[in-house]
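Undergrad: Chain by chain, the residues:
Number of protein chains: 6
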Amino acid sequence: MGKIDEFQRERERLNQLDLSKGNLEIKRFFSLDSQVYRQGAIPTKYKEILGLVASLVLRCDDCIMYHIIRCHEEGVSQEEFNEAMAIALVVGGSITIPHLRRAYDAWEELQRTSR
Amino acid sequence: MGKIDEFQRERERLNQLDLSKGNLEIKRFFSLDSQVYRQGAIPTKYKEILGLVASLVLRCDDCIMYHIIRCHEEGVSQEEFNEAMAIALVVGGSITIPHLRRAYDAWEELQRTSR
Amino acid sequence: MGKIDEFQRERERLNQLDLSKGNLEIKRFFSLDSQVYRQGAIPTKYKEILGLVASLVLRCDDCIMYHIIRCHEEGVSQEEFNEAMAIALVVGGSITIPHLRRAYDAWEELQRTSR
Amino acid sequence: MGKIDEFQRERERLNQLDLSKGNLEIKRFFSLDSQVYRQGAIPTKYKEILGLVASLVLRCDDCIMYHIIRCHEEGVSQEEFNEAMAIALVVGGSITIPHLRRAYDAWEELQRTSR
Amino acid sequence: MGKIDEFQRERERLNQLDLSKGNLEIKRFFSLDSQVYRQGAIPTKYKEILGLVASLVLRCDDCIMYHIIRCHEEGVSQEEFNEAMAIALVVGGSITIPHLRRAYDAWEELQRTSR
Amino acid sequence: MGKIDEFQRERERLNQLDLSKGNLEIKRFFSLDSQVYRQGAIPTKYKEILGLVASLVLRCDDCIMYHIIRCHEEGVSQEEFNEAMAIALVVGGSITIPHLRRAYDAWEELQRTSR
Numbered sequence: 001m002g003k004i005d006e007f008q009r010e011r012e013r014l015n016q017l018d019l020s021k022g023n024l025e026i027k028r029f030f031s032l033d034s035q036v037y038r039q040g041a042i043p044t045k046y047k048e049i050l051g052l053v054a055s056l057v058l059r060c061d062d063c064i065m066y067h068i069i070r071c072h073e074e075g076v077s078q079e080e081f082n083e084a085m086a087i088a089l090v091v092g093g094s095i096t097i098p099h100l101r102r103a104y105d106a107w108e109e110l111q112r113t114s115r
Numbered sequence: 116m117g118k119i120d121e122f123q124r125e126r127e128r129l130n131q132l133d134l135s136k137g138n139l140e141i142k143r144f145f146s147l148d149s150q151v152y153r154q155g156a157i158p159t160k161y162k163e164i165l166g167l168v169a170s171l172v173l174r175c176d177d178c179i180m181y182h183i184i185r186c187h188e189e190g191v192s193q194e195e196f197n198e199a200m201a202i203a204l205v206v207g208g209s210i211t212i213p214h215l216r217r218a219y220d221a222w223e224e225l226q227r228t229s230r
Numbered sequence: 231m232g233k234i235d236e237f238q239r240e241r242e243r244l245n246q247l248d249l250s251k252g253n254l255e256i257k258r259f260f261s262l263d264s265q266v267y268r269q270g271a272i273p274t275k276y277k278e279i280l281g282l283v284a285s286l287v288l289r290c291d292d293c294i295m296y297h298i299i300r301c302h303e304e305g306v307s308q309e310e311f312n313e314a315m316a317i318a319l320v321v322g323g324s325i326t327i328p329h330l331r332r333a334y335d336a337w338e339e340l341q342r343t344s345r
Numbered sequence: 346m347g348k349i350d351e352f353q354r355e356r357e358r359l360n361q362l363d364l365s366k367g368n369l370e371i372k373r374f375f376s377l378d379s380q381v382y383r384q385g386a387i388p389t390k391y392k393e394i395l396g397l398v399a400s401l402v403l404r405c406d407d408c409i410m411y412h413i414i415r416c417h418e419e420g421v422s423q424e425e426f427n428e429a430m431a432i433a434l435v436v437g438g439s440i441t442i443p444h445l446r447r448a449y450d451a452w453e454e455l456q457r458t459s460r
Numbered sequence: 461m462g463k464i465d466e467f468q469r470e471r472e473r474l475n476q477l478d479l480s481k482g483n484l485e486i487k488r489f490f491s492l493d494s495q496v497y498r499q500g501a502i503p504t505k506y507k508e509i510l511g512l513v514a515s516l517v518l519r520c521d522d523c524i525m526y527h528i529i530r531c532h533e534e535g536v537s538q539e540e541f542n543e544a545m546a547i548a549l550v551v552g553g554s555i556t557i558p559h560l561r562r563a564y565d566a567w568e569e570l571q572r573t574s575r
Numbered sequence: 576m577g578k579i580d581e582f583q584r585e586r587e588r589l590n591q592l593d594l595s596k597g598n599l600e601i602k603r604f605f606s607l608d609s610q611v612y613r614q615g616a617i618p619t620k621y622k623e624i625l626g627l628v629a630s631l632v633l634r635c636d637d638c639i640m641y642h643i644i645r646c647h648e649e650g651v652s653q654e655e656f657n658e659a660m661a662i663a664l665v666v667g668g669s670i671t672i673p674h675l676r677r678a679y680d681a682w683e684e685l686q687r688t689s690r
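Chains as they are written, first to last, in my numbering: chain L, 1 to 115; chain X, 116 to 230; chain D, 231 to 345; chain R, 346 to 460; chain U, 461 to 575; chain E, 576 to 690.
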């Protein structure tokens, strides 16, 4: 699970750094950031799709990667993934295409390695 | 239904103008823009919430207004609305707050007038 | 020439304010901002279309309005306008549509009043 | 103090609405949003200038207005205001100019009414 | 033609993946994306310059690279390239400078290898 | 001083390229870009923090890296760095977190190598 594994290791290392060096407000933000994706009136699966589409239209590769991994864990299907990608592409325009390409690449890697 | 009604009338008027003056590519884009929100593997209700959150993080008041009206039509609850707003706020930051304020204002107007 | 005339008057009033109150760096930036649109290897007409498309994808109504007026002065045709709008729409996505609507509205006003 | 007074009244009304309707995460975000501007190693005055420049480059009129009022309360001088505006303009480019114009207009109103 | 060749190979590989896995809406978007740059009332050369400037102000390296290659194929001169870059830089501000640097680097590589 | 040293070398190489190939407007912009950070009514240290926060909310890694190096040279403390990061994070939202992570990584490298 090459690229994805490497991504997760680096992400973990830097999160530790931020939390050890950052101040109280930064820690509170990180905590809030995980609270909003918790199961609620909107099921977790759809919250992760929300995070994925928001990350796509804002064009942040690391955020896209993180939510793709979470979507995969929550059992998002190929059809659901395609429909979310299509909405993000239409909302955000062709400027999102390079991120969409990398998103499909990561999604494929996840499908392959979990078979 | 003051502000919302006015919004819809102006939106309709200008859409007519675009479609009468615009070229084939613009018409195709408008058509594609409605296709991606159609019922599919992801239910329409969640697609409209996706449109709402994407519009919030990209900070487009007219797009937010449109998807709030559609969310209301699709029966989105206050809890679901709050959770979608919270995700958008955390992803997009305090710079989205003025749009969030207007979103709550429009949502309130819709709740009031549909009781 | 209602909306457009009002836009130009307010723009002029505020530019005077900026130049009377702003510092040297702000004045230099304003000067540079007009230099880059001057006739050169790229004709002025295409430079104004460049300014228009950049303003559309960055979603700035005042900037769009300004470049629409300049495009009109430079003799941009309806077909050229449509093609520029289509590129901006595809690059920037549906989030640009509210600005595109207002752009067509202003363009129509300019066509009507100059006939 | 026309426009500024109206801005503050509407802002207050909508903040009340958000806090009465919003969920816990939204309330926590609003609280965090005021914590980060509190006096610390960076004096409040400079924190408000940071908020102003961030709002300018992200092109949010309401956020700009809010931080201009706060900068005025913290005794920011005309020279400091100009230097902050010049940094924002150079970082954010000519697309920020319409917001810069409105910023100077609001700043002028504050100077006039507080003399 | 090191970096550019590598870019094109990876782009091609991922486009194939998107088109084989993506749904109808994604395919339609990709098709629309090539339609808008076709020769029309605005000549192809200027459409590619439009794509380049839009990509610069939106700060997407892959999009910039693609349009630089296309501009080179369409015979854009050094003077035209400079004028387009200057407009993008002034509109988008110093935040675009890292992308501008990489744009000049790619442009140089194209000039060198095509002599 | 691995990553930072490499960053500075590449930045220098490309700046030379831009200035040798770019036109007068591009040179004027580069000159203006250094003028606005000069000591003035706002001390240089705070101007660099302004540049850092603006770069963070606009999510430009190279710009962040440059201003982190300058902040370090101007003697910004860990507490000041944390407070600036917290403002940027709250204004810009979780979409800035990957850039914040890399910012802390670079800041750590600077602290380590200058001890």
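Simulated from the structure, these hints should not be mistaken for laboratory data. Accuracy of the hints is not assured; some may be wrong.
In silico EDC-like links for lysine to aspartate or glutamate, alpha-carbon gap of 16 Å or less [claimed, not checked]:
id: 1; chain 1: X; residue 1: LYS136; chain 2: D; residue 2: ASP263
id: 2; chain 1: U; residue 1: LYS481; chain 2: L; residue 2: GLU79
id: 3; chain 1: X; residue 1: LYS142; chain 2: U; residue 2: ASP493
id: 4; chain 1: L; residue 1: LYS27; chain 2: R; residue 2: ASP378
id: 5; chain 1: E; residue 1: LYS596; chain 2: U; residue 2: GLU533
id: 6; chain 1: X; residue 1: LYS160; chain 2: L; residue 2: GLU109
id: 7; chain 1: U; residue 1: LYS481; chain 2: L; residue 2: GLU109
id: 8; chain 1: U; residue 1: LYS487; chain 2: X; residue 2: ASP148
id: 9; chain 1: E; residue 1: LYS596; chain 2: U; residue 2: GLU539
id: 10; chain 1: E; residue 1: LYS602; chain 2: D; residue 2: GLU242
id: 11; chain 1: L; residue 1: LYS21; chain 2: E; residue 2: GLU587
id: 12; chain 1: U; residue 1: LYS481; chain 2: L; residue 2: GLU6
id: 13; chain 1: U; residue 1: LYS505; chain 2: U; residue 2: GLU470
From the derived model, a few chain D residues whose C-beta atoms are all more than 12 Å from chain E [to be verified]:
id: 14; residue: LEU244
id: 15; residue: ASP263
id: 16; residue: GLN308
Quantities reported herein were computed from a predicted structural model and do not represent experimental measurements. Think of the CB as a built atom: it goes at the ideal place given N, C-alpha and C, for glycine as much as any other residue.
Undergrad: With reference to the structure, classify each hint as holding or not holding.
TA: Taking the hints in turn, this is what the structure says about them:
At most 16 Å may separate the alpha-carbon atoms for a hinted pair to count; LYS136(X) and ASP263(D) exceed this at roughly 31 Å. About 9 Å separates the Cα atoms of LYS481(U) and GLU79(L), which keeps this hinted pair within 16 Å; it holds. For the suggested pair LYS142(X) and ASP493(U), the alpha carbons sit about 13 Å apart, so the restraint of at most 16 Å is met. Taken as a hint, the LYS27(L) and ASP378(R) pair is honoured in the structure, with Cα atoms around 13 Å apart against an allowance of 16 Å.
Distance hint between LYS596(E) and GLU533(U) is unfulfilled; the C-alpha atoms sit about 20 Å from each other, more than 16 Å. Between the alpha carbons of LYS160(X) and GLU109(L) the distance comes to roughly 30 Å, so the proposed pair goes past 16 Å and is violated. With a C-alpha separation of about 13 Å, the suggested pairing of LYS481(U) with GLU109(L) holds against the 16 Å cut-off. Of the pairs offered as hints, the one joining LYS487(U) and ASP148(X) holds, with about 13 Å between alpha carbons and a cut-off of 16 Å not exceeded.
A threshold of 16 Å between alpha carbons decides the hint, and for LYS596(E) with GLU539(U) the separation of about 9 Å falls inside it, so the pair holds. Among the hinted pairs, LYS602(E) with GLU242(D) is inconsistent with the structure: their alpha-carbon atoms are about 28 Å apart, more than 16 Å. The suggested pairing of LYS21(L) with GLU587(E) is violated, with an alpha-carbon distance near 30 Å, which exceeds 16 Å. The hinted pair formed by LYS481(U) and GLU6(L) fails the criterion: a straight-line CA distance of about 25 Å is larger than 16 Å.
Distance check on the hinted pair: LYS505(U) and GLU470(U) sit about 25 Å apart at the alpha-carbon level, beyond 16 Å; violated. Annotated as non-interface, LEU244(D) keeps its C-beta farther than 12 Å from every C-beta of chain E; the closest such distance is 21 Å. For ASP263(D), the requirement that its beta carbon stay farther than 12 Å from each beta carbon of chain E is not met, with the minimum near 10 Å. Distance check on GLN308(D): its Cβ is at least 31 Å (rounded) from any Cβ of chain E, clearing the 12 Å threshold; non-interface status holds.
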